[in-house]
Amino acid sequence: MSAFFGPLQADGRVPPRQQTRVAAFLVSAHGALARQFAVALPARFDAAWQTELNAQFYRESEIVSLLMRATAWVPDLALGPMAASWEMAWLPAPIEGIADHTRAQTIHLATLAHAVHAGIRPAALLPTEANANDPFVMALRRIEFESGRLLQAQILFLKGPDLLPFRDAVSATLERRHAEVRRLWHETLAGVGVDLRE
Amino acid sequence: MPFLSHGSYRIRYELDGPANAPAYVLVNGLTQYSELWGAYRDTLIARRFRVATFDLLGQGVSDKPALFIDQDDHIAVLHRLIGELGDGPVFLSGISFGGLIALRYAIEHGARLSGLVPMSCFAELSPQLLLIGNALRTGLILGGTGYLQDLLLPMNLSDQWLKPLLDKLDNVKRQGWLVNDVYALQNLMESFLDFKPLTPQLSSISVPTMILNGEFDFLTPRALHETLRVEIPDSALVIIPRAYHAFTLEKAALTADLLARFAEDVLAGRWQGNKQVLIAPEDAGGDFSPFPAGYDHLRAIPVHRPAT
Numbered sequence: 011m012s013a014f015f016g017p018l019q020a021d022g023r024v025p026p027r028q029q030t031r032v033a034a035f036l037v038s039a040h041g042a043l044a045r046q047f048a049v050a051l052p053a054r055f056d057a058a059w060q061t062e063l064n065a066q067f068y069r070e071s072e073i074v075s076l077l078m079r080a081t082a083w084v085p086d087l088a089l090g091p092m093a094a095s096w097e098m099a100w101l102p103a104p105i106e107g108i109a110d111h112t113r114a115q116t117i118h119l120a121t122l123a124h125a126v127h128a129g130i131r132p133a134a135l136l137p138t139e140a141n142a143n144d145p146f147v148m149a150l151r152r153i154e155f156e157s158g159r160l161l162q163a164q165i166l167f168l169k170g171p172d173l174l175p176f177r178d179a180v181s182a183t184l185e186r187r188h189a190e191v192r193r194l195w196h197e198t199l200a201g202v203g204v205d206l207r208e
Numbered sequence: 004m005p006f007l008s009h010g011s012y013r014i015r016y017e018l019d020g021p022a023n024a025p026a027y028v029l030v031n032g033l034t035q036y037s038e039l040w041g042a043y044r045d046t047l048i049a050r051r052f053r054v055a056t057f058d059l060l061g062q063g064v065s066d067k068p069a070l071f072i073d074q075d076d077h078i079a080v081l082h083r084l085i086g087e088l089g090d091g092p093v094f095l096s097g098i099s100f101g102g103l104i105a106l107r108y109a110i111e112h113g114a115r116l117s118g119l120v121p122m123s124c125f126a127e128l129s130p131q132l133l134l135i136g137n138a139l140r141t142g143l144i145l146g147g148t149g150y151l152q153d154l155l156l157p158m159n160l161s162d163q164w165l166k167p168l169l170d171k172l173d174n175v176k177r178q179g180w181l182v183n184d185v186y187a188l189q190n191l192m193e194s195f196l197d198f199k200p201l202t203p204q205l206s207s208i209s210v211p212t213m214i215l216n217g218e219f220d221f222l223t224p225r226a227l228h229e230t231l232r233v234e235i236p237d238s239a240l241v242i243i244p245r246a247y248h249a250f251t252l253e254k255a256a257l258t259a260d261l262l263a264r265f266a267e268d269v270l271a272g273r274w275q276g277n278k279q280v281l282i283a284p285e286d287a288g289g290d291f292s293p294f295p296a297g298y299d300h301l302r303a304i305p306v307h308r309p310a311t
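Those sequence lines, one after another, are chains A and B.
With this note's numbering as the guide, the letters of the first sequence map in order to residues 11 to 208.
With this note's numbering as the guide, the letters of the second sequence map in order to residues 4 to 311.
None of these hints come from the bench; they were simulated from the model.
One thing to keep in mind: the hints can contain errors.
As the list claims (entries may be wrong) - Here are the computed distance ranges between Cβ atoms for each label pair: (1) A226(B) <-> D172(A): 33 to 41 Å; (2) P145(A) <-> S11(B): 35 to 43 Å; (3) P104(A) <-> E87(B): 39 to 47 Å; (4) F294(B) <-> P145(A): 57 to 65 Å; (5) H196(A) <-> I304(B): 51 to 59 Å; (6) Q162(A) <-> E38(B): 25 to 33 Å.
Small disclaimer: the values here were computed from a predicted structure and weren't measured.
Every residue, glycine too, gets a C-beta built ideally from N, C-alpha and C.
Modelling step: build the complete structure from the supplied sequences, incorporating the hints.
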C-alpha cells in the first residue's frame, strides 16, 4: 500500500472508489461540525466572537456541498457501518475535570473541530501526477487550505485565557480527539489501499 | 525507524556510524526534517564520527502535540538522545531554531558536550527578528505551510541555488509540506511567545564553540551572532562566504567539512576560540582567513572598526 491515492486513472483522476470513501468520511466529519455549529449559533449575536461561529458554520456547510458535487460517487456497501461508527465518534463525551456543562460542550466542539481541521490532510494524499483540473483534486486542496484557516478559531479558543485554568484537561481531551479522529481516518484510508500508518 | 519516548510522545531519531566514535548531534531548523542532514551523515561518518539526527517534537515523523510545545521539551528530548550515545565525546550543532535549542542545551548541560556549533542562530529576538517571526507566523496561518515555504525560500537561499530550481520549486517544497503540519509548525512558532533572551547565560557556556553565520544571512544577521561571540568565552565566529540563512542546505559539503574540522581540532587540542572572527573557505578543505584587521565585521561595507 502507498501513502497516496492510486493507481490513478489514465487521465490523472483519483479512482472513484477512493473518492467515494474519502468524501464520505469528510462529509460525515464536516457535516457533523456544521450541525453542531448550527446548534451553537444564536439567532442574534451579542458578542464579537459569535461572528466566527457564523463563519465556521457556513464554511463547514460549503465543504459538504463542495464534496457532494465534486466527488465521482460509486456504490460502496461498506459505507453504512463505517458511517455509523463515524457519526458515533463525533458525539460529545464527558470531559474529565470540566464540571460546567456549557463549557464542556464548547470544549467538545472546539476539540472535535481542531482534530478534524488539523489532523485530516486530504490534499496530502494526492500524488504529484494527480490531475490539477479534476474537481475532486481541487476540492481536496481547497478543504485542506480552508481547514488551516478554520483551525485558527479553535487554536485561539483552546489556548485562550478562559481555558488556562483547565489547560491539562483541555490538552488531554484534545489529544484523545486527535487520536480518535486519526484512527478513523487511517482505517478509512486503509480500506481503499492508502496506508498512512508509520 | 527507532523512536525515543518523551512522556506520551514518540521522537523519531537515527544513529549512524561507529558506535564508539565521537558523536555529532544535529538539530533541525523550524521547517526541517532529519533527512535533510543526509550529506552531513555521509561526510561525518566518513571522517569517523557517529551521527545522531532526529525530528523535533512537532516535526516530521515525531509526534506532534496538538496544542502546546514547550521549548523545555526539546531540551529534555535532546538530553535523552545524547544519553543514548554513551560516555564518549559529543559535539552538538543546530541550525536556526535548532541552534537556539543547542545553545540552551549547552547552558543547561554543557558538561556533557565537547563542542558546540550554533549555526544561523540567535540568543535573543531583536525587533527585526521578532517582527519577521510574527509575519512568518501570520503567513503560515493565512496561507498554510506552502506559503511559509514561499516566504522562506527566497529569504534564506541564494539566487545561484534557486535559479536552476525555479520551475521545480513545488518538488523542492513537497517533502517539507508533506511531513510538517500547519498546527504543529504554529505550535513550534508559538513556543517563542514567552521566550526569554539567553544572552545573560551565554557566558556560562564553557565548551569550545564555533559560531557559523552566512555572509548574507538576512533572517539572523551578523549582529545576532556577534552576541554569541562576545559572550561565549571559548568561541570563534566563522562567516560563510556568499551564504544565506539556510547555508546548511546550500553549502552542505563545506559546512559538513567545517563541522568535522572543528571537532577534530577540539579532540586534538588544537582549537583556539579566542573570540576570533574568521572567514570560512569557499569550498570544503580550503583555508580559513582572519577577518581583515581593523575592519568592522558587523558592517557590509569595509569600514574601519571604531577605536575602543
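Status of each hint after checking the structure:
Between A226(B) and D172(A), the C-beta spacing of about 40 Å keeps the proposed range 33 to 41 Å intact. For P145(A) and S11(B), the hinted distance range of 35 to 43 Å is satisfied, since their beta carbons lie about 40 Å from each other. Hint check: P104(A) to E87(B), Cβ distance near 40 Å, so the stated range 39 to 47 Å holds. One distance hint, 57 to 65 Å for the beta-carbon pair F294(B) and P145(A), holds here, with the actual separation near 59 Å.
A beta carbon spacing of about 57 Å between H196(A) and I304(B) agrees with the range 51 to 59 Å that was offered as a hint. For the pair Q162(A) and E38(B), the supplied restraint of 25 to 33 Å holds, since their beta-carbon distance comes to about 30 Å.
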